[in-house]
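Enquirer: Below, each chain spelled out in residue letters.
Number of protein chains: 2
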Amino acid sequence: MNPENSQVVIDLLIHPKWIIPIEPTGITFSDYALAINDGYIVDLLPYETALKRYLPHEELDLPGHVLLPGLVNLHTHAALSLLRGCADDLPLNSTLSRRTWPAEARHLSAEFVRTGTLLACAEMLRGGITTFNDMCFFPTAAVDAVHQSGMRAALGLVVLEQPTNYAADADDYLSKGLALRDTCKDHPLLSFCLAPQAPGTVTDKTLEKIATLSAQLEIPIHTHLHETRHEIAEGIKQYGVRPIQRLHTLGLLGPQFIAVHAVYLEAAEIDQLSLTGCHIAFCPTSNLKLGSGIPNINDTHQRGINFGLGTESAASNNRLDIFQEMRLSSLLTKGISEDPTAFTAHQALQAATLNGARALGLDQRIGSLLPGKAADLCAVCLDDWMLQPCFDPASHLVYTTRRDDVTHTWVAGRLQMHNGLPSNIDIHQLSAHANIWHNRLAY
Amino acid sequence: MNPENSQVVIDLLIHPKWIIPIEPTGITFSDYALAINDGYIVDLLPYETALKRYLPHEELDLPGHVLLPGLVNLHTHAALSLLRGCADDLPLNSTLSRRTWPAEARHLSAEFVRTGTLLACAEMLRGGITTFNDMCFFPTAAVDAVHQSGMRAALGLVVLEQPTNYAADADDYLSKGLALRDTCKDHPLLSFCLAPQAPGTVTDKTLEKIATLSAQLEIPIHTHLHETRHEIAEGIKQYGVRPIQRLHTLGLLGPQFIAVHAVYLEAAEIDQLSLTGCHIAFCPTSNLKLGSGIPNINDTHQRGINFGLGTESAASNNRLDIFQEMRLSSLLTKGISEDPTAFTAHQALQAATLNGARALGLDQRIGSLLPGKAADLCAVCLDDWMLQPCFDPASHLVYTTRRDDVTHTWVAGRLQMHNGLPSNIDIHQLSAHANIWHNRLAY
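Heads up: the sequence lines are chains A and B, in that order.
The first sequence lines up with residues 1 to 443 when you count with my numbering.
The second sequence lines up with residues 1001 to 1443 when you count with my numbering.
For the record, the hints were derived by calculation from the structure and aren't laboratory data.
Be aware that one or more of the hints could be misleading.
What the hints assert, rightly or not - Examples of chain A residues toward chain B, derived with CB under 8 Å:
1) Leu-82
2) Arg-84
3) Asp-89
4) Arg-126
5) Asn-287
6) Leu-290
7) Leu-332
8) Gly-335
9) Ala-345
10) Leu-382
11) Met-386
12) Pro-389
13) Ser-395
14) Arg-440
Just so it is clear, CB atoms sit at the ideal spot from N, CA and C, and this is done for glycine as well.
The whole structure should be built from the sequences, with the hints applied where relevant.
Expert: This is how it looks when you write it as structure tokens:
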């Protein structure tokens, strides 16, 4: 491949000021370059060496930028972007039972999901997110939107017992979801999770079926778990045990299991999640905003549980912005532990990239800049006068920059966001569609 | 002034989509206009009526914007912008004793303060901040920068016992500060606070002198208080009582007193601050980031203590961004109280405007859009596609928008920021100067 005195032809050589590869851990390279070919990372090496070794079709100099892996949003309901801020500052029972759920029930349709998901994809690409873990009804419409956007996604096939506009019962949700998975099985950017909505809305029988399917098909399980005190109390009332214990008994916990929220964990439960190899998707903004509580990121981190960061939906955040979640996770962890060294900037960056990928079973493919992985990347400009001075690009990314400073987002080597705009989405048309939904919803 | 059938000539009529006047509380006006003349607010009224009543030299239509009072940053050390992020993720004793303080001691000079303060003013104007409450050495250099920027500021005249490059002892700090105040007494945008650095660095004798001067000269006192457990323990060790009790005994607590941080307050201390009419400047990002703890905004709020929001310096934040502090205060308060209705968006907006002005004794002049007040304003565009849909502009400001969405900042009727740039600051030159300091500091 690389005989002496001959250069290897590649698609793209990116030469930013700094590169944070996530693997190896805690490193920032200066004056390195990333070589990309056919959608994959070929090499990460000093720029001077790269010039000798590679002959790129395109060379991109980013003299004030830091390049890092694309961010992973480990939990969202992309379609609910159309409900952004529709129930702020209201009591939780009003929020969900009087506003969000009725709006969902009345308006939920394939068209709602297509527009809402496209809006979410555009927003996420704008902020350097290349992969998201979704949970949605009408996943076929979500697939349309994700495919158009060019993003990578794990689509959570929602299962619950109650009927909705989308499906009649648990078996109907499952069979519709699995049929879609079958249709999409060769899609290079899509994967799927089984997504029992929450322990309280799914029976033991359905959960056992999901555990079996997950093992047979080798796909992750993605569910809301221990988000509120109320949920746990209701679980105990109905089943005699806390929800985590129930899921453990039913065989769901394991390395294919992603618990979303996990705000309330007893020490023994942290041990249980750790020993079974489960993953957590922390969504701190949503937990705070809904008054659910404050997730204990520090203990989870120290116990070695793998966790990523999620935005939840725009109905409870109201931004699909992993920069905010990195910043907030790090600040909360330091504040609660009263330790400014807790959950460092590099650790937050790893949670938002590699650890999210690992939870989805995608860490061999994405999440760091190791050669052989897909070229899912974002570049962030640290040159803006408002960000001066910069002593450390890693801490600048977490504590100082905004997602607005993201200048380029690549998925599998394709530039899917640049100059503030997604490559394959007509923003004017999308805004107009969002506005139509706004007028329908703002009754 | 306004005889029938004749229109009053004014300088400017602003007609945004929405106006949030802060007074009356909790209101958002649609299709209203704000009439401005000679730097003051003349009227706030329906747009149709305004067209009949006023003949403006300039009319400004802002069809996708919300107009609100300029934000008040109730605590910062503007000059330390030059130390932005210089000691992130380090233990607190390292942060301060090994990095920040030595850097300050070695490099602190009038030139450092001038450049750092100008950088801070530019950043604050960019994000809709029109007034800040500073604490700095070399305040004459800070006055130069503030005057150039066109901002309004309360300059905290630092007092401590220890010598620095700036002054030799407490009396020297005081006399230098008061001489500057005398020089600037007719400046329309400047006011002053007496700023004992912290109880631990100032003797009883000096604090008593400050209490007397504050009463004689009718200027506020602004000090760090109960920021960390360590500070309180040291205070007890040295003086036998907690710092708040000591300051109370020395006569400092009262309506002219602004306690910065107040992370650790016992119930009796909250009562004491409330009964004496003290104000608090909460700086939640800094408290979390330094591992100091989590301020109890909820109890303070419920006890009726007036409080505003501060950024602290860029050395511990790292953004001088009141949008972040509004969002974080509201999220933290909801999360800790487990109540999503706690500290609503309107309450956060009031803390960041009128309540900050009240703490500084400036609430008759700024902080809301009542006619007669100075036209300190900011306009925020909610039209960006990433912010769609918008159901409520007030909650959008706190939970969804970024300071980057601020399009205009006026101080006393003058447009001091527009198109992302401050009116009176050469950003290229400023960046170059900041870069010189960065190179000196990054030893």
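Enquirer: Hint by hint, note whether the structure agrees.
Expert: Hints, verified against the model:
1. Leu-82: holds, 6 Å
2. Arg-84: Interface hint status for Arg-84 (chain A): holds (6 Å vs cutoff 8 Å).
3. Asp-89: The hint holds - Asp-89 (chain A) has a Cβ within 8 Å of chain B, the shortest such distance being about 4 Å.
4. Arg-126: holds, 6 Å
5. Asn-287: holds, 6 Å
6. Leu-290: holds, 5 Å
7. Leu-332: Where the cut-off is 8 Å and the nearest Cβ of chain B is about 6 Å from Leu-332 (chain A), the hint holds.
8. Gly-335: holds, 3 Å
9. Ala-345: holds, 6 Å
10. Leu-382: With a minimum Cβ separation of about 11 Å from chain B (threshold 8 Å), the hint on Leu-382 (chain A) is violated.
11. Met-386: holds, 5 Å
12. Pro-389: At about 4 Å, which falls below the 8 Å cut-off, the nearest Cβ of chain B leaves the hint on Pro-389 (chain A) intact, so it holds.
13. Ser-395: Given a least distance of 4 Å, the restraint on Ser-395 (chain A) holds.
14. Arg-440: It is violated, given that the least Cβ distance between Arg-440 (chain A) and chain B is near 10 Å, above 8 Å.
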